[in-house]
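Working from the sequences, and respecting the hints, build out all of it.
Chains as they are written, first to last, in the working numbering: chain U, 60 to 253; chain E, -12 to 312.
Just so you know, these hints were derived from the structure itself, not from any lab. You may find that some hints are simply not true.
[What the hints assert, rightly or not] Which chain U residues stay away from chain E? Per the calculated CB distances, all over 12 Å, these:
1) 85
2) 159
3) 178
4) 182
5) 228
[As the list claims (entries may be wrong)] Part of the chain E face toward chain U, derived, beta carbon under 8 Å:
6) 41
7) 43
8) 127
9) 188
10) 305
C-beta: ideal position from N, C-alpha, C; glycine also.
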Amino acid sequence: MLVLAFDTATDVATSALLEDAEVLGERASVAKTLLEDVDALLRQASARPADIEALVVGTGPGSFTSTRIGLAVARGLALALDVAGAGVSTLDALAAGAEGALPVIDARRREVFVPGAGAVAPEDLDVAGRLCVGDGALRYRDVLEAKGAAIPPDDDIRHLPRASLHARLVTAYGRVDEIEPIYARAPDARRWRG
Amino acid sequence: MSTLILGIETSCDETAAAVVEADGVVQSSVVSSQADLHARYGGVVPEIASRRHLELVAPVVRAALEDAGVALDDVDRVGVTQGPGLVGALLVGLSAAKAIAWARGLPLVPVDHLRGHVATLYLAPDPLDPPFTCLLASGGHTLLLSVREREGYEVLGSTLDDAAGEAFDKGARLLGLGYPGGAEIDRLARDGDPEAYSFPVARVAGLDLSFSGLKTALLHAVRGLTETDLAARRADLAASYQRAIVRALAGRLRAAVERTGHETVAVVGGVAANSELRAALPDARFAPLELCTDNAAMIASAARFARAVEPPGYLALDAYPSAPL
Ligand SMILES: Nc1ncnc2c1ncn2[C@@H]1O[C@H](COP(=O)(O)OP(=O)(O)OP(=O)(O)O)[C@@H](O)[C@H]1O
Ligand SMILES: [Mg+2]
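See below:
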């Protein structure tokens, strides 16, 4: 089964094309150019969009807008190709790439997303003796290391969500329209145009 | 069957999709308004709007195809609003549209929302031929335009501060009316005396307009009133406020006609739904009532006259927040 997986929740948009468990290709860019990567992945595999049989999409948490870009692309693709899909949390995918690690995603406003806790201040994390990965771990390296966390070097691949890992976590496919983003934070209720 | 265009619009608080034929016949136009969702905030909340667009975009596109009795196989190109508007909201429609077009190998037409409002006039059954002088009055813009060709227009004047629709919305808030305010003021004004208050609209050079002073004048008028007095005078205030906006718009439009020499006059955008404005300009062409506020039929219509981008040329397209004036 040809599976297209992607995640745009964080600053690095990841995408991968898999034939069952075999990774045919994996790319990274930014949310707004995700489809360029997808197009390149398919060309590289000599496949056409219509060959895609299932979608896997990262559901965040991360930036609201960029998480939505991935989900909107998934909804558009599912509508046009009539394929099923699965959502995988960006935190779960990060954890899958770094055994035993705590995934930490930058939530802006001096907060981070960690599993099961919504947005929290990095100062409030209990990370003594833990391995921490993700862009939140990098941004708050000083704070977390002072609390006893171990954080791999900046260029360590474990800090990046990788769509091939998302694909491996899928257990069942369903309707793409029903895959919900994980916002993990209430919307800012400020009005537009005063 | 003639060429079919699928239009998608998510620039503000309406999630909309439409199927329009190349000759301008609207086969379907589905608009899912979020107004109720935003009413309790007295205006559009961007993040709430964007979240709702994501929930609605696929069902709304499916409904538009179904209403038109066509399948995606029958669609020849996809037109989508690229800007101006709320970036987070625009990106939902743009991302979905890019994905649909790419998956089907279709060309994509990025559409300017304001050109979309004007392109309402080019829809069947009675498409308007340029040249004409046009007033575009909406929630975010107030423009006087010289339209010589369907592909574009020249901006002759615009508001220096609030848009006309925004003036209606802010006025409605001061009067304790709901959102969106234009339709509420329009309704209430029918029971009021438009001469009860004299609200001046600032005189601005050239063909520009300004509505912020008007809003302040209403604020002063309302501030002196008790709840009971306000209730008693609300209709008069609404009628007088609306009269001031309509006078300013109609006056500027007449001045624009003198400048362009295009005798044919048209009005588009949400404020074109205003009954007093429609009565004040009996010879003008108005967008059909249901197509004054945001919809996707107008976006599909504009896509008939804008450049189509072949795949993969549009895969990196980004949204733009404000008008490139
Ligand atoms: N009957 C009416 N009288 C006056 N104003 C009205 C009426 N109906 C709607 N409006 C106003 O129209 C505006 C909405 O129009 P529209 O949907 O064209 O704007 P928008 O899309 O939010 O802004 P823009 O097109 O500039 O991005 C609102 O400000 C609303 O109050
Ligand atoms: Mg509009």
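For each hint, the structure was consulted:
No Cβ of chain E comes within 12 Å of the Cβ of residue 85 of chain U; the nearest lies about 18 Å off, and the non-interface call holds. Against the 12 Å criterion, residue 159 of chain U stays outside the reach of chain E, whose nearest CB is about 34 Å from its own CB. Listed as a non-interface residue, residue 178 of chain U keeps its Cβ farther than 12 Å from every Cβ of chain E; the least gap is roughly 14 Å. Remark: the non-interface label on residue 182 of chain U is consistent with the geometry, its nearest Cβ contact in chain E lying 26 Å away (cut-off 12 Å).
The Cβ of residue 228 of chain U sits about 22 Å from the closest Cβ of chain E, beyond the 12 Å cut-off, so the non-interface label holds. Interface restraint check: residue 41 of chain E against chain U, minimum CB-CB distance 5 Å, threshold 8 Å, status holds. Given the 8 Å rule on beta carbons, the hint for residue 43 of chain E is violated: about 10 Å separates it from the nearest Cβ of chain U. A hinted interface residue such as residue 127 of chain E counts as satisfied when its beta carbon comes closer than 8 Å to some beta carbon of chain U; here the least separation is about 7 Å, so the hint holds.
Taking 8 Å as the C-beta cut-off, the interface hint given for residue 188 of chain E is violated, the closest approach to chain U being about 19 Å. The beta carbon of residue 305 of chain E is positioned within 8 Å of a beta carbon in chain U (closest approach about 5 Å), and the interface hint is therefore held.
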